[in-house]
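Residues 10 to 466, numbered by this note's numbering, are exactly what the sequence shown covers, in order.
Do not take every clue at face value.
Unchecked claim - When the alpha-carbon atoms are kept at most 25 Å apart in a straight line, the in silico SDA-like pairs for lysine to any residue are as follows:
1) K47 with L104
2) K180 with F42
3) K16 with G242
4) K77 with Y216
5) K255 with G242
6) K209 with I90
No wet-lab data here; the hints were simulated from the structure. Quick caveat: nothing in here was measured; it's all calculated off a predicted structure.
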Amino acid sequence: MMKMKMKTVLVIINCIILAIGNCGGPLMTRLYFRNGGKRIWFSSFLQTSGCPIILLPLLFSFLTRHRKQEQEDTKTTLFLIKPPLFLTSVVFGLLIGFDNYLYAYGLAYLPVSTSSLIISSQLAFTALFAFFMVKQRFTPFTINAVVLLTLGAGSLALHADGDKLPKETRKEYIVGFAMTVAAAVLYAFVLPLVELTYKKASQRISYTLVLEMQLVLCVVATCFCLVGMLADGDFKELRGEAREFKLGGSKYYCVVVAFTAVIWQGFFLGSIGMIFCASSLVSGVLISALLPLTEVLAVLFFREKFQAEKGVSLFLSLWGFVSYFYGKIQSEKEKRTQEAQLSQLQVTEYLSLPPVMGNAITSGTLKKQKWHPDKLKEEDSATSRFQEINEAYQVLSDPFKREEYDKKRMRRIYEHNMELFDRYKELIFTCNGLGMKNFLCLIAKLAEAVAVASGIV
10 MMKMKMKTVL VIINCIILAI GNCGGPLMTR LYFRNGGKRI WFSSFLQTSG CPIILLPLLF
70 SFLTRHRKQE QEDTKTTLFL IKPPLFLTSV VFGLLIGFDN YLYAYGLAYL PVSTSSLIIS
130 SQLAFTALFA FFMVKQRFTP FTINAVVLLT LGAGSLALHA DGDKLPKETR KEYIVGFAMT
190 VAAAVLYAFV LPLVELTYKK ASQRISYTLV LEMQLVLCVV ATCFCLVGML ADGDFKELRG
250 EAREFKLGGS KYYCVVVAFT AVIWQGFFLG SIGMIFCASS LVSGVLISAL LPLTEVLAVL
310 FFREKFQAEK GVSLFLSLWG FVSYFYGKIQ SEKEKRTQEA QLSQLQVTEY LSLPPVMGNA
370 ITSGTLKKQK WHPDKLKEED SATSRFQEIN EAYQVLSDPF KREEYDKKRM RRIYEHNMEL
430 FDRYKELIFT CNGLGMKNFL CLIAKLAEAV AVASGIV
């Protein structure tokens with residue numbers, strides 16, 4: 010119960026800081042460009058340069074761990090992150106640094122409302138990458154949302170001339186549009202990649218470890234943009250740019266620079282935190298969900314035009330968002346029903362029974378789920394298959410044995426049961442969020458299905 014409450018608190022905190030960063034970040038960046046700012050690498054640098062803020066929660070976490078481990082008379086490590094995750098975070102940092110540049114380039118030539126609508130297509134790409142990388146399951150509602158959000162972003166390409174900023178050429182608008190789309194695709198790729206890293210990590214992923222990874226990521230991204238600033242000669246131009254800034258030099262440093270860095274850090278912390286608390290797709294959906302608020306703020310503060318194309322795009326984006334969440338609600342209902350049914354099974358007793366005695370329990374479920382393993386080859390005995398797959402999935406559920414088991418025996422078992430593994434691949438993926446007891450229930454169902462397929466019952 011305590012862990013559930015803590016997770017709920019983390020979800021709420023991450024939602025709030027994601028909302029602030031997602032809505033405020035683009036507005037602050039656009040404020041910089043509207044009032045005389047011209048340095049794209051500098052704007053990219055600001056998006057992750059607020060990373061020292063992360064040291065505050067990390068310090069609190071360290072002191073808490075130190076106090077607890079002092080009572081247990083054990084040594085407290087300063088950082089939890091290990092070399093594999095550190096190197097992975099460095100790679101993420103390089104990707105984010107490049108993504109920052111693409112996004113800043115787009116905002117230099119596009120209104121915030123247009124840029125935000127394009128970024129909403131990120132959900133479509135996130136869903137696509139999540140499907141291949143973390144086996145995110147698609148439903149008709151998810152597919153509908155992806156299509157609608159893609160169409161919403163695509164509709165903005167129509168009548169681009171009416172959306173150009175003053176003194177902006179058509180070529181600059183098109184390049185800005187393309188850069189923003191590229192930024193959306195790249196960040197959509199990074200989100201499920203981070204989720205995949207969490208799942209494949211050899212060490213336990215805690216929120217403190219997530220913050221440490223975020224710190225490394227942002228430091229590397231900031232250094233990447235710093236190199237770009239040096240190459241582009243930004244440092245020579247910043248002092249003159251501050252003097253010529255329309256809002257004044259003091260606001261240039263205090264408001265634009267400081268606030269932009271802090272607000273953008275909220276976006277990155279919130280998005281990575283939501284991946285930890287939920288999934289990359291949920292993080293992408295929340296980013297898209299904040300689109301209407303960003304649109305309204307851009308129109309209010311910057312008096313941006315809101316043509317018919319933007320209205321259509323906003324409608325399609327909202328429709329896609331509602332479709333996704335409706336499907337999510339339906340999926341959660343089905344999941345709770347499934348968990349309730351599985352929790353009624355006596356796992357230990359069921360696994361000890363011969364397969365034929367368990368058939369009465371699982372056959373109805375097998376038919377309902379439309380698993381039809383009736384055309385399988387019978388090269389091995391049914392008993393051997395039952396034992397091998399049952400043992401394989403029990404061991405695979407233990408992360409400490411998984412790597413060793415893969416090297417020694419998984420290849421042989423996979424080759425013997427390749428057709429069975431392919432048929433039950435979807436069943437394997439449903440195990441992710443069910444917990445150990447329900448996981449064993451699904452093993453029992455799988456073993457029973459193997460017995461049915463092999464002709465023992």
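Exercise for the section: For the pair supplied as a hint, K180 and F42, confirm whether the alpha-carbon distance does not exceed 25 Å. Expected result: holds (18 Å)
Problem - Distance restraint between K47 and L104, which requires alpha-carbon spacing of 25 Å or less - result: Measuring from Cα to Cα gives roughly 23 Å; hence the hint holds.
Exercise for the section: Decide if the proposed pair is consistent with the structure: K16 and G242, CA atoms, cutoff 25 Å inclusive. Expected result: violated (45 Å)
Practice task
With a cut-off of 25 Å on the C-alpha distance, tell me whether K77 and Y216 pass.
Solution key: Holds: K77 and Y216 sit about 17 Å apart, inside 25 Å.
Exercise for the section: Assess, step by step, whether the Cα of K209 is no farther than 25 Å from the Cα of I90, and give holds or violated. Expected result: Within the cut-off at roughly 14 Å; holds.
Exercise for the section: Measure nothing beyond the straight line between the CA atoms of K255 and G242; if it is 25 Å or shorter, mark the hint as holding. Expected result: holds (22 Å)
The structure does not agree with numbered hint 3 stated previously, though it agrees with all others.
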